[in-house]
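Each residue of the sequence shown is one higher than the last, beginning at 3 in our numbering.
Because the hints were derived from the structure by calculation, they are not lab data.
Don't take each hint at face value.
What the hints assert, rightly or not - In silico DSBU-like pairs for lysine-lysine, Cα to Cα no more than 35 Å straight-line:
1) Lys-136 to Lys-303
2) Lys-8 to Lys-286
3) Lys-360 to Lys-8
4) Lys-233 to Lys-22
Unchecked claim - Label-pair restraints from in silico Cβ distances:
5) Phe-351 to Asn-288: 18 to 28 Å
6) Gln-26 to Val-107: 13 to 23 Å
7) Arg-130 to Asp-238: 15 to 25 Å
8) Ala-24 to Leu-244: 30 to 40 Å
9) Phe-351 to His-205: 29 to 39 Å
10) Glu-302 to Leu-28: 57 to 67 Å
11) Val-101 to Asn-288: 52 to 62 Å
12) Phe-357 to Gln-257: 40 to 50 Å
13) Cys-131 to Ser-229: 28 to 38 Å
14) Val-345 to Leu-224: 35 to 45 Å
15) Tyr-161 to Ile-119: 42 to 52 Å
Source: prediction; values computed, not measured.
Positions of the beta carbon are idealized from the N, C-alpha and C atoms, including for glycine.
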Amino acid sequence: MFKRAKKHDYFTSALPFQQKGAPQSLSIGVSAPVVGTGKSLGFIDTVTTSDNVRLLSTSGTLGQNLFTTSPNIGTAVGQQVGTTGSIGLSTNKNLSGLVADLQNVTGFTISDLRVAIQLQALKELDARCGTRYKEYVKGHFNVTISDATLDRPEYLGGYSVPFNIIPVANTSGNSTDPQGNLSAFGVTNTSTYRCFSKAFEEHGFVIGFACVRSTQSYQQGLNRMWSRKNKYDFYDPLLANLSEQSIKMKELLAQGSDIVDSEGNPVDEKTFGYQEAWAELRYKPNMITAQMRSNLKNPEKSLDVWHLSQVYEPQVDNGENLGVPLNQEFIEENPPVDRVVAVFDEPHFFSDNYFDYKCTREVPLYGIPSYLLGRL
Numbered sequence: 003m004f005k006r007a008k009k010h011d012y013f014t015s016a017l018p019f020q021q022k023g024a025p026q027s028l029s030i031g032v033s034a035p036v037v038g039t040g041k042s043l044g045f046i047d048t049v050t051t052s053d054n055v056r057l058l059s060t061s062g063t064l065g066q067n068l069f070t071t072s073p074n075i076g077t078a079v080g081q082q083v084g085t086t087g088s089i090g091l092s093t094n095k096n097l098s099g100l101v102a103d104l105q106n107v108t109g110f111t112i113s114d115l116r117v118a119i120q121l122q123a124l125k126e127l128d129a130r131c132g133t134r135y136k137e138y139v140k141g142h143f144n145v146t147i148s149d150a151t152l153d154r155p156e157y158l159g160g161y162s163v164p165f166n167i168i169p170v171a172n173t174s175g176n177s178t179d180p181q182g183n184l185s186a187f188g189v190t191n192t193s194t195y196r197c198f199s200k201a202f203e204e205h206g207f208v209i210g211f212a213c214v215r216s217t218q219s220y221q222q223g224l225n226r227m228w229s230r231k232n233k234y235d236f237y238d239p240l241l242a243n244l245s246e247q248s249i250k251m252k253e254l255l256a257q258g259s260d261i262v263d264s265e266g267n268p269v270d271e272k273t274f275g276y277q278e279a280w281a282e283l284r285y286k287p288n289m290i291t292a293q294m295r296s297n298l299k300n301p302e303k304s305l306d307v308w309h310l311s312q313v314y315e316p317q318v319d320n321g322e323n324l325g326v327p328l329n330q331e332f333i334e335e336n337p338p339v340d341r342v343v344a345v346f347d348e349p350h351f352f353s354d355n356y357f358d359y360k361c362t363r364e365v366p367l368y369g370i371p372s373y374l375l376g377r378l
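Based on the sequences and whatever the hints tell you, model everything.
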């Protein structure tokens with residue numbers, strides 16, 4: 003059986019970006035004139051450790067009115083006539099003596115603002131709906147193109163059937179399987195289901211797919227509600243229709259504030275993906291807690307054989323912890339069935355399929371030979 007995607011939930015339906023393409027921005031000009039404030043320029047000495055060049059002050063005020071000098075030219079090894087030093091402007095805005103004059107910068111018009119807002123909305127819609135032609139028309143015009151085979155195969159129909167899992171207790175007991183040890187088997191029956199009815203207008207193939215999948219559940223994350231810090235982190239009707247919000251990595255895999263990236267930022271605060279604003283109030287993923295979790299300090303006491311929740315490991319690249327990436331591996335259905343079965347060296351599932359086709363074809367009931375002028 004082929005791999006298939008997991009069911010949509012808070013994490014598996016996340017977008018990899020807020021909008022499709024670069025975020026829309028507003029320009030206030032290419033550059034702004036820089037003018038003096040009337041103060042002396044505040045220089046900083048960037049070469050105080052140099053034997054060749056020193057910074058001196060003409061006024062005695064540290065950090066102001068500095069000039070360079072080259073003492074003892076020709077007496078120290080490595081010195082050259084004409085040696086220069088580096089002087090940088092102070093990062094203290096009260097000492098720099100310079101300011102940008104924004105009065106002469108060309109600003110944006112209300113029309114520019116309106117266009118920018120609508121272009122951003124268009125890109126966000128593209129991210130949610132897609133940009134293939136059929137997706138674009140449906141997303142932007144709310145029209146479903148009648149040609150079902152445009153750009154992709156046509157989905158004719160299908161159904162889902164739950165498995166009936168029946169536990170079996172060991173009543174004999176031996177050295178490897180104690181008395182009362184549980185195993186199980188599962189069966190299902192789809193004989194009452196009807197899949198589709200379809201009239202075809204062109205040649206093609208009808209292909210059937212089958213898969214077995216589990217219900218997603220999560221056991222390593224921290225719910226978003228526990229990370230709210232101020233009143234703007236709580237829902238307000240005036241904030242209902244904001245842009246997509248980021249899903250923090252800790253909502254899926256919380257590793258602790260001491261796990262940081264190469265820049266010293268906590269991996270827990272990285273962005274996993276994007277969801278609609280306030281999505282955490284609409285969707286609550288299934289959650290595994292307490293002794294049912296797989297990552298107990300004492301794994302032998304874990305009861306994770308009773309569920310199929312995946313255990314996510316952070317991706318490490320060149321020694322840097324990147325958290326869990328939103329990629330194909332994450333989206334593909336991959337339940338840990340080996341963890342819950344009693345027999346490991348046999349296939350997990352067997353399928354006995356019977357297909358009942360009732361077809362009307364453009365052929366005679368029997369192929370009886372005939373002449374050019376008709377059958378004799």
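To see whether the hints hold, each was checked on the structure:
no.: 1; hint: Lys-136 to Lys-303; in the structure: violated (52 Å)
no.: 2; hint: Lys-8 to Lys-286; in the structure: holds (16 Å)
no.: 3; hint: Lys-360 to Lys-8; in the structure: holds (32 Å)
no.: 4; hint: Lys-233 to Lys-22; in the structure: holds (30 Å)
no.: 5; hint: Phe-351 to Asn-288: 18 to 28 Å; in the structure: holds (22 Å)
no.: 6; hint: Gln-26 to Val-107: 13 to 23 Å; in the structure: holds (20 Å)
no.: 7; hint: Arg-130 to Asp-238: 15 to 25 Å; in the structure: holds (23 Å)
no.: 8; hint: Ala-24 to Leu-244: 30 to 40 Å; in the structure: violated (19 Å)
no.: 9; hint: Phe-351 to His-205: 29 to 39 Å; in the structure: holds (34 Å)
no.: 10; hint: Glu-302 to Leu-28: 57 to 67 Å; in the structure: holds (59 Å)
no.: 11; hint: Val-101 to Asn-288: 52 to 62 Å; in the structure: holds (57 Å)
no.: 12; hint: Phe-357 to Gln-257: 40 to 50 Å; in the structure: holds (49 Å)
no.: 13; hint: Cys-131 to Ser-229: 28 to 38 Å; in the structure: holds (29 Å)
no.: 14; hint: Val-345 to Leu-224: 35 to 45 Å; in the structure: holds (37 Å)
no.: 15; hint: Tyr-161 to Ile-119: 42 to 52 Å; in the structure: holds (44 Å)
Violated hints for the displayed structure, listed by number in ascending order: 1, 8.
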